[in-house]
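**Q** If you read the sequences in order, they're chains A and B. The numbers in the first sequence follow the working numbering, run straight up by one, and end at 122. The numbers in the second sequence follow the working numbering, run straight up by one, and end at 122.
Bear in mind the hints are in silico, worked out from the structure with no lab data behind them. In this text, all values refer to a predicted model and were calculated from it rather than measured experimentally. All C-beta atoms in this analysis are idealised placements derived from N, C-alpha and C, irrespective of residue type, glycine included. There could be a bad hint or two in this list.
Said to hold, decoys possible - Pairs of lysine-lysine, BS3-like flavour, derived with a Cα cap of 30 Å:
hint, chain 1, residue 1, chain 2, residue 2
1, A, 28, A, 112
2, B, 112, A, 112
3, A, 105, B, 105
4, B, 105, A, 112
5, A, 28, A, 105
6, A, 105, B, 112
7, A, 28, B, 105
8, B, 112, B, 28
9, B, 112, A, 28
10, A, 105, B, 28
11, B, 28, B, 105
12, B, 28, A, 28
Claimed, not checked - Looking from chain A toward chain B, a few residues come up when the C-beta cut is under 8 Å (computed):
hint, residue
13, 11
14, 14
15, 22
16, 81
17, 88
Number of protein chains: 2
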Amino acid sequence: MGTESEAYTFDWRSVCSITSGLDVLGDKWSLLIVRDLIAHGTRTYSEFRESPEHVSTNILADRLRLLTSLGIIERTNPDGVARNNAFRLTPSGAALRPVLEEIGKWSQTYLKQFHSNMVDSV
Amino acid sequence: MGTESEAYTFDWRSVCSITSGLDVLGDKWSLLIVRDLIAHGTRTYSEFRESPEHVSTNILADRLRLLTSLGIIERTNPDGVARNNAFRLTPSGAALRPVLEEIGKWSQTYLKQFHSNMVDSV
DNA sequence: CCGCATCCGTTACGATACTG
DNA sequence: CAGTATCGTAACGGATGCGG
């Protein structure tokens, strides 16, 4: 298939806003990219790779493309070459902070019994 | 494999609380089960199936088992037969309400341009 | 009927190797 | 350094079967 792609086509499962949010963000990696950008401001491809969860390259590239196409993240130098061209949050992406905060608070309260060495974040 | 199973074993990707939350809830279905229980109080297996997203039976059974094993949901009649034995939220599950609210608010603000007939919920 | 388990084709994921 | 190609594995999703 094409090496370049815009136009992610979404199959929205229903008109429910929660469902639609999960259609986009309901996976194990997308919100971690947002987390890294909240924590660090900008982040290059290889810096994302250094995060402790160690996302694989194809998943990372796919999610960066997806989040970019939805206007959640963007390149810091849109017209530059990819090399050392970092990503940052758009206002849409920055608005995900409360989602991450609530997930973090819930996990610390209700998941610690299953995962004792858990730690704060964001 | 076994018809009965407790003991879901989790591979926590890191000590980050957000990551751990996504290890558990980072998929397209688990939080929709929680949504239905917030909206309706209790819900039987077949009632979950009637939700507009139409989860398939094996996924639903798997998620109900997972959420139960983590103490997020429970049977209304723990010692009764499965038939017409509804599920409800535990305090842990009820505490996920702010997560769903934030996802819903974000989607209504930033996803409506991609999904115009989206609607409120929870 | 209701609550699943099983089967099976399709899609997504994940590790690694490789390229401009 | 920023990805893409490949390929084996796991998850998903629909259909169906089956016991209670």
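**Q** Does each hint fit the structure? Answer for all of them.
**A** Each hint tested on the structure:
no.	hint	verdict
1	28/A / 112/A	holds (19 Å)
2	112/B / 112/A	violated (35 Å)
3	105/A / 105/B	holds (18 Å)
4	105/B / 112/A	holds (27 Å)
5	28/A / 105/A	holds (17 Å)
6	105/A / 112/B	holds (27 Å)
7	28/A / 105/B	holds (21 Å)
8	112/B / 28/B	holds (19 Å)
9	112/B / 28/A	holds (23 Å)
10	105/A / 28/B	holds (21 Å)
11	28/B / 105/B	holds (17 Å)
12	28/B / 28/A	holds (10 Å)
13	11	violated (11 Å)
14	14	holds (4 Å)
15	22	holds (5 Å)
16	81	violated (29 Å)
17	88	violated (16 Å)
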